[in-house]
Amino acid sequence: MTTPPQSGQEPDTHVPAEALMTTFEAPEPDAEVAGNGGKEGYRRKPGQFKEIWRRFKKNKLAFVGLIVVAILMVIAIINPFITPYDPTEQNLANTNAAPDGAHWFGTDDLGRDLFSGILYGVKLALIVGWSVMLLSMLVGVALGAISGYRGSWVDSIIMRSTDVVLAFPYLIGAILIVQVFGNGIITVIVALVVLSWPTAARLMRGSTLSLREAEYVEAARSIGASDSRIVVRHILPNAIAPTLIFSFSHIGVAIVAMASLSFLGIGVPADIPEWGNLIADAVPYLKIDGKSHLWVFPSAAIVITTLAFAFVADGLRDSLDPKLR
Amino acid sequence: MGKFIIRRLVHAILVVIVATFLIYLGLFILGDPFSSSGEKTIPPDIQDALRAKFGMDKPLIVQYLTYLQNMFTGDFGIDFEQRRDVSTMIGTALPNTIRLAFAAIVIELVIGLLAGIIAAVSQYTFRDVFVTVITTLAIGLPVFVIGIGLRSLLSGEGIFPQVPRSFTVEVPWWQEIILPAFTLAIVDAAFVARLMRGSMLEVLRADYIRTARAKGLSERRVIGRHAFRNSIIPVVTYTGVSLGALLGGALITERIFEYQGVGYLLVRAISQHNNPVIVPLVVFAVLVFIVMSTLVDILYAYLDPRIRLH
Numbered sequence: 001m002t003t004p005p006q007s008g009q010e011p012d013t014h015v016p017a018e019a020l021m022t023t024f025e026a027p028e029p030d031a032e033v034a035g036n037g038g039k040e041g042y043r044r045k046p047g048q049f050k051e052i053w054r055r056f057k058k059n060k061l062a063f064v065g066l067i068v069v070a071i072l073m074v075i076a077i078i079n080p081f082i083t084p085y086d087p088t089e090q091n092l093a094n095t096n097a098a099p100d101g102a103h104w105f106g107t108d109d110l111g112r113d114l115f116s117g118i119l120y121g122v123k124l125a126l127i128v129g130w131s132v133m134l135l136s137m138l139v140g141v142a143l144g145a146i147s148g149y150r151g152s153w154v155d156s157i158i159m160r161s162t163d164v165v166l167a168f169p170y171l172i173g174a175i176l177i178v179q180v181f182g183n184g185i186i187t188v189i190v191a192l193v194v195l196s197w198p199t200a201a202r203l204m205r206g207s208t209l210s211l212r213e214a215e216y217v218e219a220a221r222s223i224g225a226s227d228s229r230i231v232v233r234h235i236l237p238n239a240i241a242p243t244l245i246f247s248f249s250h251i252g253v254a255i256v257a258m259a260s261l262s263f264l265g266i267g268v269p270a271d272i273p274e275w276g277n278l279i280a281d282a283v284p285y286l287k288i289d290g291k292s293h294l295w296v297f298p299s300a301a302i303v304i305t306t307l308a309f310a311f312v313a314d315g316l317r318d319s320l321d322p323k324l325r
Numbered sequence: 001m002g003k004f005i006i007r008r009l010v011h012a013i014l015v016v017i018v019a020t021f022l023i024y025l026g027l028f029i030l031g032d033p034f035s036s037s038g039e040k041t042i043p044p045d046i047q048d049a050l051r052a053k054f055g056m057d058k059p060l061i062v063q064y065l066t067y068l069q070n071m072f073t074g075d076f077g078i079d080f081e082q083r084r085d086v087s088t089m090i091g092t093a094l095p096n097t098i099r100l101a102f103a104a105i106v107i108e109l110v111i112g113l114l115a116g117i118i119a120a121v122s123q124y125t126f127r128d129v130f131v132t133v134i135t136t137l138a139i140g141l142p143v144f145v146i147g148i149g150l151r152s153l154l155s156g157e158g159i160f161p162q163v164p165r166s167f168t169v170e171v172p173w174w175q176e177i178i179l180p181a182f183t184l185a186i187v188d189a190a191f192v193a194r195l196m197r198g199s200m201l202e203v204l205r206a207d208y209i210r211t212a213r214a215k216g217l218s219e220r221r222v223i224g225r226h227a228f229r230n231s232i233i234p235v236v237t238y239t240g241v242s243l244g245a246l247l248g249g250a251l252i253t254e255r256i257f258e259y260q261g262v263g264y265l266l267v268r269a270i271s272q273h274n275n276p277v278i279v280p281l282v283v284f285a286v287l288v289f290i291v292m293s294t295l296v297d298i299l300y301a302y303l304d305p306r307i308r309l310h
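Just so you know, the sequences run in chain order C and R.
Using the numbering used here, you'd call the opening residue of the first sequence number 1 and step up by one each time.
Using the numbering used here, you'd call the opening residue of the second sequence number 1 and step up by one each time.
Bound-form chain C, shown alone (with noise of 0.2 Å):
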């Protein structure tokens, strides 16, 4: 088997195999599906994405999601230089002030600025979202490709752990890992991460499974290409969106998922202006006059952040797989 390495270097180790395949296949019958599965593979990609994102284009709600959520980017990107105050400077002379010039939030009870607390929680949201994102997808891609390309019993093995793991209730789950390994934003991010690469790695398994016997697939493999190359460059690419959608529609559960453990006091220390502990902090106050800044405010960023990433990944879909709608 050759390592991934090889087949990461495309320019080089491409053109021989490219230049066979078309002299080898050319008297075929099946020479014009075996040509597109490998060779327009490069060639037609601007295109596609093209074609991806006029079809994003087209569905409005998940294009204001998409400028929202380039807002938060940039937002979380120059954070330290918008926030008007150091959002963990504390000012117990200022506790729970109601929103006014100087503070546009208001203040949380120990008079840290709100405005200031909620913009550095749009980093951490995002961190932790795209942190669980790409991970759980890079893990579950891999195994649900090898799962579902090899078979047997590697097979067998990676299936039964996710079945082990889909046994438990996400939070619980969540909070059991958290309560092991102590808690802070990279074991959240761990957490979310174990929690959540099973789904993938079973959609990627299955539309693994689906291409594995396709002609263009067995096309590759008859000229003799390594398994490695059929997955990576001829599986991989035709298969992978179901799972990218699914990780892309993750990000905003793995945001709410971060802020349900800080609320519940187990997620990120609760120093840390997170939006869930934001919340947890407003609690005493829910029901005096005057506070309603302390639980609105956060709450909104976290609806809003959801809801943008819900819009575009609800947009990715449709125009990723129209099939899937």
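To be clear, the hints were calculated from the coordinates, so they are not data collected in a lab.
Note that the coordinates shown come from a computational prediction; the quantities given were computed from them, not determined experimentally.
Hints may contain errors.
What the hints assert, rightly or not - Sample of chain R residues at the chain C side, in silico, Cβ under 7 Å:
(1) Ile-17
(2) Val-18
(3) Ala-19
(4) Ile-148
(5) Val-241
(6) Gly-248
(7) Ala-285
(8) Ile-290
As the list claims (entries may be wrong) - List time: in silico SDA-like cross-link candidates among lysine to any residue, alpha-carbon distance up to 20 Å:
(9) C:Lys-58 with R:Val-16
(10) C:Lys-287 with R:Leu-154
(11) C:Lys-287 with R:Arg-229
(12) R:Lys-215 with R:Arg-229
(13) C:Lys-291 with R:Gln-162
(14) C:Lys-60 with R:Phe-130
(15) C:Lys-60 with C:Ser-249
(16) C:Lys-57 with C:Gly-290
(17) R:Lys-3 with R:Ala-301
(18) C:Lys-60 with R:Val-133
(19) C:Lys-287 with R:Leu-65
(20) C:Lys-123 with C:Ile-177
(21) C:Lys-287 with R:Val-171
(22) C:Lys-60 with R:Thr-136
(23) C:Lys-291 with C:Phe-115
(24) C:Lys-287 with R:Glu-157
(25) C:Lys-287 with R:Leu-153
(26) C:Lys-50 with C:Ser-319
(27) C:Lys-291 with R:Leu-153
(28) C:Lys-123 with C:Lys-58
(29) C:Lys-291 with C:Asp-109
(30) R:Lys-3 with R:Leu-14
(31) C:Lys-57 with C:Leu-307
(32) C:Lys-58 with R:Tyr-124
(33) C:Lys-287 with R:Lys-53
(34) C:Lys-287 with R:Glu-258
(35) C:Lys-60 with C:Ser-319
(36) C:Lys-123 with C:Ile-82
(37) C:Lys-60 with R:Val-171
(38) C:Lys-291 with C:Pro-99
(39) C:Lys-57 with C:Ser-319
(40) C:Lys-287 with R:Gly-149
A virtual CB, placed ideally from N, CA and C, is assigned to each residue, including glycine.
Guided by the hints, dock chain R onto chain C, whose structure is given.
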């Protein structure tokens, strides 16, 4: 069918064994309760004596089997905080959680199914768009935002009891259950409505629906009898799984409304690092979840025979 059920059960039992083992292993990593930590110093010989007394000097596999035996005979020991009997604590909390779970499921099914059917029957009309918009928004709402919102707006008003409750006021259970049940039901109802709309639209295109209409059945009968029965299958699956999750304790909702169920018990136990309470509750939650998923799979295979072939 029999073969399918047996295969599914064996599978569930294996998963239970591995999952409980992982929980036990996790507990081990959580730390040795008899080690010296901070100001608390325990001489090594006393540590050894304590370990011997509680059977923690035995090999891991023996300990695991003892723990398994205790879990399944309901012997959970006493908690770290107040030396209360853990079985009694869980015994008083469990009925509350079961009530809450079923109340939430009933609300979710009534709202979700009605909305889904109305949307599907009047596809592309105002009503359909309205349902679609509402469900899209509701799915994006995290449970704790709904809960916090409801508590801050409604608790203490009219029939809704004050949170936190005052010990002097007796509140009937149905009053206490309304807000948490709605909190849990809202997001799930949106999911049910979406599922129902989708599957109903698919079923309505089927030939046998055309046949039913062609032989002159009233629209009410076509929808209520033929279409409803065949389109409810995905909803059954979804509801079964969400019931399995709810019965294990609705941590966030119970915490927000300080509802005395197993979820709130677990939340408090976690903040106190009260392992003797955490472990049986987590095992219980996982067990209920596995049992419900297995039942749902079997029910699904029964309702839709095509699934057994896979």
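Against the structure, the hints come out as follows:
1. Ile-17: Hint on R:Ile-17: violated, closest Cβ of chain C at ~10 Å, above 7 Å.
2. Val-18: 5 Å, holds
3. Ala-19: 5 Å, holds
4. Ile-148: With a closest approach of 5 Å, the R:Ile-148 hint holds.
5. Val-241: Since chain C brings no Cβ nearer than about 9 Å to R:Val-241, farther than 7 Å, the hint is violated.
6. Gly-248: 6 Å, holds
7. Ala-285: 5 Å, holds
8. Ile-290: For R:Ile-290, the interface hint holds, since the closest Cβ of chain C sits about 5 Å away, which is under 7 Å.
9. C:Lys-58 with R:Val-16: Not OK: C:Lys-58 and R:Val-16 at ~47 Å, beyond 20 Å, violated.
10. C:Lys-287 with R:Leu-154: 9 Å, holds
11. C:Lys-287 with R:Arg-229: 45 Å, violated
12. R:Lys-215 with R:Arg-229: 19 Å, holds
13. C:Lys-291 with R:Gln-162: 18 Å, holds
14. C:Lys-60 with R:Phe-130: Roughly 17 Å between the alpha carbons, so the hint for C:Lys-60 and R:Phe-130 holds.
15. C:Lys-60 with C:Ser-249: 18 Å, holds
16. C:Lys-57 with C:Gly-290: Measuring from Cα to Cα gives roughly 42 Å; hence the hint is violated.
17. R:Lys-3 with R:Ala-301: Between R:Lys-3 and R:Ala-301 the Cα gap is close to 12 Å, so the pair holds against 20 Å.
18. C:Lys-60 with R:Val-133: 13 Å, holds
19. C:Lys-287 with R:Leu-65: 49 Å, violated
20. C:Lys-123 with C:Ile-177: Given pair C:Lys-123, C:Ile-177 is violated - Cα atoms ~23 Å apart, limit 20 Å.
21. C:Lys-287 with R:Val-171: It holds: about 19 Å lies between the C-alpha atoms, which stays within 20 Å.
22. C:Lys-60 with R:Thr-136: Within the cut-off at roughly 14 Å; holds.
23. C:Lys-291 with C:Phe-115: 15 Å, holds
24. C:Lys-287 with R:Glu-157: 11 Å, holds
25. C:Lys-287 with R:Leu-153: 8 Å, holds
26. C:Lys-50 with C:Ser-319: With a Cα-Cα distance of about 11 Å, the restraint between C:Lys-50 and C:Ser-319 holds, given a limit of 20 Å.
27. C:Lys-291 with R:Leu-153: Holds. C:Lys-291 to R:Leu-153 sits at ~12 Å (cutoff 20 Å).
28. C:Lys-123 with C:Lys-58: 29 Å, violated
29. C:Lys-291 with C:Asp-109: 10 Å, holds
30. R:Lys-3 with R:Leu-14: Judged against 20 Å, a Cα distance of about 17 Å means the pair holds.
31. C:Lys-57 with C:Leu-307: 17 Å, holds
32. C:Lys-58 with R:Tyr-124: 18 Å, holds
33. C:Lys-287 with R:Lys-53: Violated, at about 49 Å.
34. C:Lys-287 with R:Glu-258: 15 Å, holds
35. C:Lys-60 with C:Ser-319: 12 Å, holds
36. C:Lys-123 with C:Ile-82: Given that 20 Å is the threshold and the Cα spacing comes to 12 Å, the pair holds.
37. C:Lys-60 with R:Val-171: Cα-Cα ~48 Å, so violated.
38. C:Lys-291 with C:Pro-99: 10 Å, holds
39. C:Lys-57 with C:Ser-319: Distance ~9 Å between C:Lys-57 and C:Ser-319 Cα, so the pair holds.
40. C:Lys-287 with R:Gly-149: Holds, at about 11 Å.
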